[in-house]
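Here is what each chain is made of, one letter per residue.
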Amino acid sequence: MDAQSAFEFIRKRDFDEVVVRKLSTNIQQVKFSNNEIDITNNWNESGFDVYVTKGRKIYNFEVKNERELERSVNSAEKALKLLDDNPDYIKINSEKYNYRNRTNRFVRISEFEISKFARDFIDENIKFAKRIGGTIYKKSMELEVVTNYNSFKDFNAGIEFNVRAFNENDVPTQQSFATSHDDDLDEIHMVGEELRDHLRMLGKTVQGSDGTFAAVLHPLFFASIVSYTIPMASAYQVDSGISFFAGRLNQKIGSSIFTMYDDATDDSMFGSRIADDEGVPTKKTPVIEKGFVKNYLHNTSTAIKLNSQSTGNAGIISPSPWQVTVEPGTEDPKEMIESIRDGLYIVNTWYTRFQDYREGIFSTIPRDGIYRIKNGEIIESWSGIRVSDSLISIFKNIEGVSRETKKVKWWDETMYSKVPYVYVSKLNITKSK
Amino acid sequence: MQNIDKYLNYLNRYTNFSEVYFSETFSNGVSFKNGSLSQVSGSTSSGYAFRAIDKSISFGAINQENWSIVKEHLDRIIENSRIPGRDKLSHEEVYKDKWSVPVQKKIEDMDLEDKISILKDIDQILVEKKIPMRILAIGDIKQREFLINSEGTEIEGDISKVGFFGAIGYYEGGNFEQRFIQLGFSGGYEALEYWDLYATIGEEAEALKKSVIAKPINPGYYDLVIGPEISGIVAHESAGHPTELDRILGREMAQAGESFIKLGDKGKPVGSPQVNVVDDPTIDHSYGYYKYDRDGVKARKRYLYKKGLINEFLSNRESAGRVNSKSTAASRISEWDKDPIPRMSTTFIEPGDFNFEELVEDVKLGIYMKSYSEWNIDDIRFNEKYVGLEAYLIENGEIREQIRRPTLETTTIKFYSSIDAVGKDLKFFAGTCGKGDPMQGVDVWMGGPHARLRNIYMR
Numbered sequence: 021m022d023a024q025s026a027f028e029f030i031r032k033r034d035f036d037e038v039v040v041r042k043l044s045t046n047i048q049q050v051k052f053s054n055n056e057i058d059i060t061n062n063w064n065e066s067g068f069d070v071y072v073t074k075g076r077k078i079y080n081f082e083v084k085n086e087r088e089l090e091r092s093v094n095s096a097e098k099a100l101k102l103l104d105d106n107p108d109y110i111k112i113n114s115e116k117y118n119y120r121n122r123t124n125r126f127v128r129i130s131e132f133e134i135s136k137f138a139r140d141f142i143d144e145n146i147k148f149a150k151r152i153g154g155t156i157y158k159k160s161m162e163l164e165v166v167t168n169y170n171s172f173k174d175f176n177a178g179i180e181f182n183v184r185a186f187n188e189n190d191v192p193t194q195q196s197f198a199t200s201h202d203d204d205l206d207e208i209h210m211v212g213e214e215l216r217d218h219l220r221m222l223g224k225t226v227q228g229s230d231g232t233f234a235a236v237l238h239p240l241f242f243a244s245i246v247s248y249t250i251p252m253a254s255a256y257q258v259d260s261g262i263s264f265f266a267g268r269l270n271q272k273i274g275s276s277i278f279t280m281y282d283d284a285t286d287d288s289m290f291g292s293r294i295a296d297d298e299g300v301p302t303k304k305t306p307v308i309e310k311g312f313v314k315n316y317l318h319n320t321s322t323a324i325k326l327n328s329q330s331t332g333n334a335g336i337i338s339p340s341p342w343q344v345t346v347e348p349g350t351e352d353p354k355e356m357i358e359s360i361r362d363g364l365y366i367v368n369t370w371y372t373r374f375q376d377y378r379e380g381i382f383s384t385i386p387r388d389g390i391y392r393i394k395n396g397e398i399i400e401s402w403s404g405i406r407v408s409d410s411l412i413s414i415f416k417n418i419e420g421v422s423r424e425t426k427k428v429k430w431w432d433e434t435m436y437s438k439v440p441y442v443y444v445s446k447l448n449i450t451k452s453k
Numbered sequence: 027m028q029n030i031d032k033y034l035n036y037l038n039r040y041t042n043f044s045e046v047y048f049s050e051t052f053s054n055g056v057s058f059k060n061g062s063l064s065q066v067s068g069s070t071s072s073g074y075a076f077r078a079i080d081k082s083i084s085f086g087a088i089n090q091e092n093w094s095i096v097k098e099h100l101d102r103i104i105e106n107s108r109i110p111g112r113d114k115l116s117h118e119e120v121y122k123d124k125w126s127v128p129v130q131k132k133i134e135d136m137d138l139e140d141k142i143s144i145l146k147d148i149d150q151i152l153v154e155k156k157i158p159m160r161i162l163a164i165g166d167i168k169q170r171e172f173l174i175n176s177e178g179t180e181i182e183g184d185i186s187k188v189g190f191f192g193a194i195g196y197y198e199g200g201n202f203e204q205r206f207i208q209l210g211f212s213g214g215y216e217a218l219e220y221w222d223l224y225a226t227i228g229e230e231a232e233a234l235k236k237s238v239i240a241k242p243i244n245p246g247y248y249d250l251v252i253g254p255e256i257s258g259i260v261a262h263e264s265a266g267h268p269t270e271l272d273r274i275l276g277r278e279m280a281q282a283g284e285s286f287i288k289l290g291d292k293g294k295p296v297g298s299p300q301v302n303v304v305d306d307p308t309i310d311h312s313y314g315y316y317k318y319d320r321d322g323v324k325a326r327k328r329y330l331y332k333k334g335l336i337n338e339f340l341s342n343r344e345s346a347g348r349v350n351s352k353s354t355a356a357s358r359i360s361e362w363d364k365d366p367i368p369r370m371s372t373t374f375i376e377p378g379d380f381n382f383e384e385l386v387e388d389v390k391l392g393i394y395m396k397s398y399s400e401w402n403i404d405d406i407r408f409n410e411k412y413v414g415l416e417a418y419l420i421e422n423g424e425i426r427e428q429i430r431r432p433t434l435e436t437t438t439i440k441f442y443s444s445i446d447a448v449g450k451d452l453k454f455f456a457g458t459c460g461k462g463d464p465m466q467g468v469d470v471w472m473g474g475p476h477a478r479l480r481n482i483y484m485r
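Same order as they appear, the protein sequences are chains A and B. Per my numbering, the first sequence starts with residue 21, numbered consecutively. Per my numbering, the second sequence starts with residue 27, numbered consecutively.
Keep in mind the hints are simulated off the structure, nothing from the lab. All clues given are correct.
One side of the interface only, derived from the structure: several residues of chain A facing chain B at Cβ under 10 Å: (1) ILE47; (2) THR60; (3) LYS77; (4) TYR79; (5) PHE81; (6) LYS98; (7) ASP108; (8) VAL183; (9) ARG184; (10) GLN194; (11) ILE381; (12) ILE405; (13) ARG406; (14) TRP430.
In silico DSS-like links for lysine-lysine, alpha-carbon gap of 25 Å or less: (15) A:LYS354 - A:LYS394; (16) B:LYS122 - B:LYS168; (17) B:LYS390 - A:LYS453; (18) B:LYS364 - A:LYS159; (19) A:LYS101 - B:LYS132; (20) A:LYS77 - A:LYS32; (21) B:LYS288 - A:LYS453; (22) B:LYS440 - A:LYS453; (23) B:LYS32 - B:LYS97; (24) B:LYS97 - A:LYS159.
We put the beta carbon where it would ideally sit given N, CA and C, even for glycine.
Just chain A, same shape as in the assembly (with noise of 0.2 Å):
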């Protein structure tokens, strides 16, 4: 059944409003450690999330197997006549839209051989490693959305690729790519290369120091930074109280040189989207903009409720982030280390847990290399520190931005981003004791 036959189905029922979103992914995965493959996955999938609503009273509920669509209704009927208005509801998008074709391709993508693709980065990495392991993904994805106003399809597919090597000393690296586009498909070659840089750089570790470095961070590493952020920014986390950017809309909380999109028009990502769950087209919003909280992320709903406009981001009840992607600067990576007298660049991060999502207060785990500058050389690699700051803090002290970006997708730690390297003049770091 499509979207369209199940909101005709759902559409006789006693609803106001109905929205259908069927959703099928068909996603393979290998992955691989110490230098062998573990485990090959394969999901075939696909499902309706479906809201319906009464005047403010709305339902939701999602139905993996088409069998229980009927008995799912029935249940949403009798669930509407039990509630309440819903303040975080007010209506869905009634404007009419048309929709923007896709730019990317992904033909070289469809008939990318993961497996085979693996088994050779291994044989051909080995050399310059001790280990390796990782995981390689080939998503495609089918998107249709039915709504009492509009209804679109979507599709897209992406390779993502995440690989851990550790050195002769059994120090590790890590490097990630993520790409929706057959144009910049060839560029998962460069990973391999990346890693055996870094794989030369690292040599052994020594426990760091406690103290407030100057650092530059990698793209790995800022991209986690960034999405733990702009969840945040999603106006039903705002409205909530709990989050950064409550209250600080138009507020200056970082330095000029640092803007932040949520951007599901760059098709060359896998969370981009053409448009929203109910139908708005997605755009590009900065949601910092040279140090400023610019935007909020909106739904129709929430944006009536703050006086704003949509911003293409729902979530029925709760608006979210589809993809973040960072303004580029005008630095170059090398030189941006280089310029380093005596201070860190780090490439990874991991574990960040907030200890005050209203302040932004958090730490967070750098790991895969942590090396210790000094008059822009690496004297060492550390191991065993925790940046231990602020959002505020590390967004204030952006005082430079390379121009080029990665794209990566690291397993939970960040979403489909695109990041610069950074330059932080403070960054806060403890250690055990």
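Given chain A, put chain B in place with the hints provided.
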């Protein structure tokens, strides 16, 4: 479900090992945001997951029953199983059994109005405590699962779970504090009495308000008395995760990482002799309860650390097979369509002999850390940080004023080696443990007793 044997027979024709898992779930959720109904939802999900081994392990999941589509999917799984790679599972006893979670108040008997009413009542408690930021949710899930494999395993499970989540925030004097409250229970809506939900929420709100106005400590060395919530998170992060055998073998090396524990480290010291850390999936009503794991291996209690020594690993058939040992029945999945990997269930520091007063009475200068906010640990599970939320100063054996955000940043060995006394109480807390690629968040309990650490750096 009716095709489960047909699918197994098809896979079995072409591979050395084959397995079919079917699951059907029904779930419901209601949430409130700052006093108003926000989301009401219901979901159904069902599908088949397959595992086949020839030259390597091949996994697949599909939620369609059209035979031509399923056959194409199975053929791809068979083809992928011929890619050279790791191909061993441990040899285990074969079971044919049915199991279920005992339920008193059935999920299907709990009306939507009742769930809304519960959240309204909780919200009202928080309003009376003047808590301005309140996100509350209650949800339940019923699951039927069937597992069969080419070795003769036939396991049928019937699972019910109820969960509560609250996120509350409080401002005063320019300071903000937040608290996330997660409660989980395998069973029915008798969970509400088990949790003592209304009293729990009231106590959390009071503690949050006090923490905002509390004063920070002077950095230095203190004795530290930890509450069961801290025992639980530490047991989970620095005993449970590092003893997962797949991490030790490197299978998570590019994601959640590895372990400071190596394969030959059983018997090596990790803490003082008072330290016993257990993972036990068989505790009645625990959030991660199971009788058979996802591989069909019978569940049992595991001593991860025993008398301060590394004792046992958490393994599934895949990881145990790689080292020619038996599985310790830790194979779990977050949803039906994910590949099984070693996971924790209920992880806790085993109680000792001390009551709370005895732990505190000879502390001259110390800290009592009852709950935490921020925490994290490195990817070998050695360097960790816990920021106290509800915490108090201890002076001359007496609990004094509440203190703000005392921070423990230490190592696993230092933490467990500093324990000199373990309480006789035991309390569990719910959590969602993340691991795997794609990410699999599984329901767990974690907990323990109060315990005392001597002379540890706090800031």
